[in-house]
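The chain contents come next:
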Amino acid sequence: MTAPLRQMAPAERIRTTSFNEASARTRLELLLDPGSFVEFIGPEKREISPHLKIFDLPEQFDDGIVVGHGRLDGSPVFIAAQEGRFMGGAFGEVHGAKLTGLLRAARQIRSIPVLILFDTGGVRLQEANAGELAIAEIMRAVMEARTAGVKVIGLIGGRSGCYGGGGLIAGCCSALAVSEPGRIAVSGPEVIETNRGVEEFDSRDRALVWRTMGGKHRRLLGAADVFADDTMLAFRDAALDLIGLVGAFGLDKLRAEQGRLADRLRRFGACEDAVDIWRADGIVHAETVPELSADQFIALANRIGRTSRDAR
Amino acid sequence: MTLDSILASLFPDGHDVRIDKGVILGSAMLRSGTTALVIGVADRTAIGVDEAIRLSGYVLQSLDRESGPILVLVDSDSQRMSKRDELLGLNEFLSHLAKVLICADMNGRPTVGLLYGHSAAGALLATGLATRVLVGLPGADPAVMDLPSMAKVTKLSIETLQEKAKSTPVFAPGLSNLARMGAVHLIWNGAAPLADQLEALLADMPEVLDRRDALGKERGGRLKAADIAERVRDLALQAR
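Going down the list, the sequences are from chains U and E. The numbers in the first sequence follow my numbering, run straight up by one, and end at 312. The numbers in the second sequence follow my numbering, run straight up by one, and end at 1240.
The following block holds chain U by itself, in its conformation from the complex:
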């Protein structure tokens, strides 16, 4: 029998708690230095979505995102965590505005990095226009913050993945860490199947979903710089590593990104499946990549060595 979670020592909890299964608040508690988190506009303020009642849907007092300030290994960080279990972590007006405000403050201060714990299906459809625009504002705020010298690190490993506009915000970050269950994409499997048919994409084929959009493929492509095992400790270490590794942003990074993405298209544009891409990348027994343990996979990814932090 394992001890009840609350009775475990903090060092044990951070090692044994799955990022994927934890709530947004548990993720913050375990990622940051104990007791250091201060929330901005917490649930006690009851700043709910003004739009969900139009659809007779339940509101949540924090609108599905927790934003605030804390310490990571002694140093200050701004941090935002989406709650994937409320409305699929989707961006609505209030949800998005909290992250925008956090990024705008980071831009003014310049020296404090921002961590974004994504867990989102994208735009919240019941307030689609406000959600879409919130994402546009966040993308702009991320780029303004990065231009001012702020490091913006995305951590992706939640149940809702990082889809739709969330995938575009992730693409704006200075660097990403992703775990195997952390999927990154624009159109979700069901959306592709609904629009293009089951022949194009069978959303019930979970293996297909994981190898097309999952963390392993994104790490091998270089879209994410770090592959994290699904524990809070692995994500904490990844965040610290990336804060240390990320350099200053400038237009040169975007020129390098143009080259990086054009090269990807040239090399892999004709591949029909992720396994074909991995094979074209020289991985022997490419079909076994999904089965590799975290340690085995990290060794493989490091050998391929594709990163993007200097080209994004």
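Any given hint could be a false lead.
Here are some, though not all, of the chain E residues that point toward chain U, as calculated from beta-carbon distances under 10 Å [stated by the list, open to error]:
| no. | residue |
| --- | --- |
| 1 | Leu1030 |
| 2 | Arg1031 |
| 3 | Ser1056 |
| 4 | Leu1060 |
| 5 | Glu1086 |
| 6 | Phe1093 |
| 7 | Met1106 |
| 8 | Ala1121 |
| 9 | Val1133 |
| 10 | Ala1143 |
| 11 | Met1150 |
| 12 | Lys1164 |
| 13 | Leu1223 |
| 14 | Ala1229 |
Because the hints were derived from the structure by calculation, they are not lab data. Beta carbons are placed, not taken as given, at the ideal position from N, Cα and C, and that holds for glycine.
Got chain U; can you put chain E on it based on the hints?
Chain E in isolation, oriented as in the chain U frame:
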């Protein structure tokens, strides 16, 4: 309005704008004598990895060599929904295009989006919503999500959604709804010369500062966003 008539009305002094597989690339002489870079998406084309990389590359090349504003004309589908696009990392390609436009604007190349047809979802985020000023032309019909799909997700009838849409601009498709949100800054008069309206806009461009949330509040479409963002910003500035 057709793209040809829009281009003729925008650039009476001539242009070399071409459309190739739905991608708009070119430049045009403005009456002020400066050259504008013109890019965009035509014919309701979906934006996939191939389209996005051409557009971003064209803008980046121009940053090295030219000055002047950048116009982004938009009549697109949503992002291309396909296995291949997602396999290759469409989110990075769309982000990259948006980042190039945002950073061009921050580096002395003011960006103006001109929404003249359809657009949706990731395609709108990567183009029009990544510009400093987004202009709508009468007849444009942007939609984050079309009502039939919304009906499916929300399990409400289209009639019910249409009824609800009358009292709130927050979810329903359409140019006027996006304008009330603060996403579309202004709607031009399609009957008057577009060159005059472009000239007036460029002569009086708002500063490089994202005020869309304040605009949404002024117009009554988004009453909470600006205040929430401002409160979080203040708290964060005090917290360090």
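- Message: Hint validation: Leu1060/E versus chain U, beta carbon distance must be below 10 Å. Holds or violated?
- Response: holds (5 Å)
- Task: Mind checking the CB of Ala1143/E against every CB in chain U and telling me if the closest is under 10 Å?
- Result: It holds, given that the least Cβ distance between Ala1143/E and chain U is near 8 Å, below 10 Å.
- Under 10 Å, Cβ to Cβ, is where Leu1223/E needs to be relative to chain U, so tell me if that hint holds or is violated. This interface hint holds because 7 Å falls under the 10 Å limit.
- Message: The hint names Met1150/E as touching chain U; please verify it with the least Cβ-Cβ distance against 10 Å.
- Response: Given a least distance of 6 Å, the restraint on Met1150/E holds.
- Should the hint that Phe1093/E touches chain U count as held when the rule is a Cβ pair under 10 Å? holds (6 Å)
- Task: Would you settle whether the hint for Lys1164/E is holds or violated, based on the nearest Cβ-Cβ distance to chain U being less than 10 Å?
- Result: holds (6 Å)
- Message: Quick check on the hint: Ala1121/E CB to chain U CB, less than 10 Å?
- Response: With Cβ-Cβ at 7 Å, under 10 Å, it holds.
- Message: Checking hints one by one. Is Ser1056/E an interface residue toward chain U, by the C-beta closer than 10 Å rule?
- Response: holds (6 Å)
- Message: For the restraint on Val1133/E, tell me whether the closest CB of chain U is nearer than 10 Å.
- Response: Status violated, d = 13 Å.
- Message: Does Arg1031/E hold up as a contact with chain U if the rule is Cβ-Cβ below 10 Å?
- Response: violated (29 Å)
- Would the hint on Ala1229/E stand, with a C-beta cut-off of 10 Å toward chain U? holds (4 Å)
- Message: Does Leu1030/E hold up as a contact with chain U if the rule is Cβ-Cβ below 10 Å?
- Response: violated (24 Å)
In summary, the structure is inconsistent with hints 1, 2 and 9 from the numbered list given earlier, while agreeing with the others.
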